[in-house]
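Using the sequences plus the hints, can you model the full thing?
There are 2 protein chains.
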Amino acid sequence: MKKHRNRLLAALSPADQNLLEPQLQPVQLEKRRTIEAPNKTVDYVYFPETVIASVVALCGREDRIEVGLIGCEGVSGLTVLMGDLRSPNSTYIQVEGEALRIEADALRTILLKSNSLRELLLRFGHVFTTQIAQTAVANGRAKLEQRLARWILMAHDRTVADDVAITHEFLAVMLGVRRASVTVALDRFEKKGFIIARRGRITVADRKAIEKLAGHFYGVPEAEFKRLIG
Amino acid sequence: MKKHRNRLLAALSPADQNLLEPQLQPVQLEKRRTIEAPNKTVDYVYFPETVIASVVALCGREDRIEVGLIGCEGVSGLTVLMGDLRSPNSTYIQVEGEALRIEADALRTILLKSNSLRELLLRFGHVFTTQIAQTAVANGRAKLEQRLARWILMAHDRTVADDVAITHEFLAVMLGVRRASVTVALDRFEKKGFIIARRGRITVADRKAIEKLAGHFYGVPEAEFKRLIG
DNA sequence: CTGCCACCGTACGTTTCCGTACTGAGAAAA
DNA sequence: TTTTCTCAGTACGGAAACGTACGGTGGCAG
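Sequence order for the protein chains is A and B. Read in order, the letters of the first sequence are residues 30 to 259 in our numbering. Read in order, the letters of the second sequence are residues 30 to 259 in our numbering.
Since the hints were derived computationally from the structure, they do not count as laboratory data. Do not rely on the hints blindly, as some may be mistaken.
Treat identical chains as interchangeable: a pair holds within one or across any two.
As the list claims (entries may be wrong) - Keeping only pairs whose Cα atoms sit at most 25 Å apart, straight-line, the calculated DMTMM-like set for lysine to aspartate or glutamate is:
| # | residue 1 | residue 2 |
| --- | --- | --- |
| 1 | Lys172 | Glu219 |
| 2 | Lys142 | Asp45 |
| 3 | Lys237 | Asp134 |
| 4 | Lys172 | Asp72 |
| 5 | Lys255 | Asp113 |
| 6 | Lys255 | Glu219 |
| 7 | Lys220 | Glu251 |
| 8 | Lys241 | Asp72 |
| 9 | Lys69 | Glu132 |
| 10 | Lys255 | Asp192 |
| 11 | Lys220 | Glu240 |
| 12 | Lys69 | Glu251 |
| 13 | Lys142 | Asp235 |
| 14 | Lys255 | Glu240 |
| 15 | Lys172 | Glu198 |
Here is the structure:
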């Protein structure tokens, strides 16, 4: 019985850990790898340890926008839990690192045996749905700087150091805005001392200030997580 | 055994219908009634027949925006299914009419007895999450006219006639934009013959044209519904 | 060490939508 | 009828973000 870096795995009862662990494979996931493609069967469900994955919805052909972020607090492939093996969204690796994975079929088998595991994962499903809803809120009502602040905070929550390895270009795709807008906003953040920006990397310097800027656009799903999973 | 107007109830097996029906109460719901308040316990779960309910996320104090729409195709209170009795969102009646409701606790008891019912509701949960994700997409990338078209189509799907009883003011709150912007956009729709607008009422006149305008911002959750529930 | 390429900084005219506010019109109440 | 209230139409200046584009820079590959 090992102490898991993934917070869902760490929250499991010993019995559930015994059910899951024989099936978990450690994997290294490189940047930009797609772990779920739109409308394709989900083969594996991933429990991130140090990776951060983006759940991305398509709009039209090559037009994408992020709807959610999953790191060490969660799990990918929730659709498996909801009784289906595919979803219209895609999921891919935003920040590389390690994860544990399990075959989707194996997980479904285990879910039939353990109510407590299913309930834990459903509670995370609720948290994640809340996150998506708050993304809708932020996209509809927040200014770019607030959305950017929200993203940085969510990424920061899911990293060990204060560093997030990401380019402006990628961030722009995630937020559905111009690359140049991201550059300008990050510059302003840096001048205010919120972050230190280096090529392909953002270091959080003043988290409190970023939280203040994000205001109520950050924190709702995080509070739900704390309440329901701990 | 009656033929239900709610599509989820209509899709139930006879056994599940027998479990549920004794607990279902018909209710009339008036406009603007709140059936779920943020962070309050959900008392009843509603299966709309002719009502349309909005799921609304808060941003700050009195700043709201719609993240999803539930009508005769669905059910409110999905959070009950996810193992919790409250959620940060609120749900209220957008278009008045009839619904069937069941006490949340009674539903939870029944869910323990019927896997098939739980699976059906979870599949709807997946569809609804998809709808929220597409709301995030639309809020992030679509122009106001496209978002408005999307809303009209979704409301139209959930009404019997071609009429939707809604004011510009309400629509503006739902979409998180100015009331005046809605007026201007609806005017343009009317001049193009897409709709007929009367005081507090929109009548769909040329659905195809509205679909064309909404483009890929409409249809993703609807396709999931068809695929998973039918 | 040099060339290349991904990444970042900046600029400018344009579009979309906002904030605010005033006016008129339909419906319901007095 | 007259009043009152909600709802809809219109206007104007301004902010935010867009599309596009060009030049600079850090860092890796040859």
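Right, here's what the structure says about each hint:
no.	hint	in the structure
1	Lys172 / Glu219	within (18 Å within a copy, 31 Å between copies)
2	Lys142 / Asp45	both (9 Å within a copy, 22 Å between copies)
3	Lys237 / Asp134	neither (43 Å within a copy, 41 Å between copies)
4	Lys172 / Asp72	neither (37 Å within a copy, 36 Å between copies)
5	Lys255 / Asp113	between (28 Å within a copy, 13 Å between copies)
6	Lys255 / Glu219	neither (30 Å within a copy, 48 Å between copies)
7	Lys220 / Glu251	neither (28 Å within a copy, 46 Å between copies)
8	Lys241 / Asp72	neither (40 Å within a copy, 35 Å between copies)
9	Lys69 / Glu132	within (15 Å within a copy, 37 Å between copies)
10	Lys255 / Asp192	within (23 Å within a copy, 43 Å between copies)
11	Lys220 / Glu240	within (17 Å within a copy, 45 Å between copies)
12	Lys69 / Glu251	between (30 Å within a copy, 18 Å between copies)
13	Lys142 / Asp235	neither (46 Å within a copy, 51 Å between copies)
14	Lys255 / Glu240	within (17 Å within a copy, 41 Å between copies)
15	Lys172 / Glu198	both (18 Å within a copy, 22 Å between copies)
When each numbered hint is compared with the structure, violations occur for hints 3, 4, 6, 7, 8 and 13.
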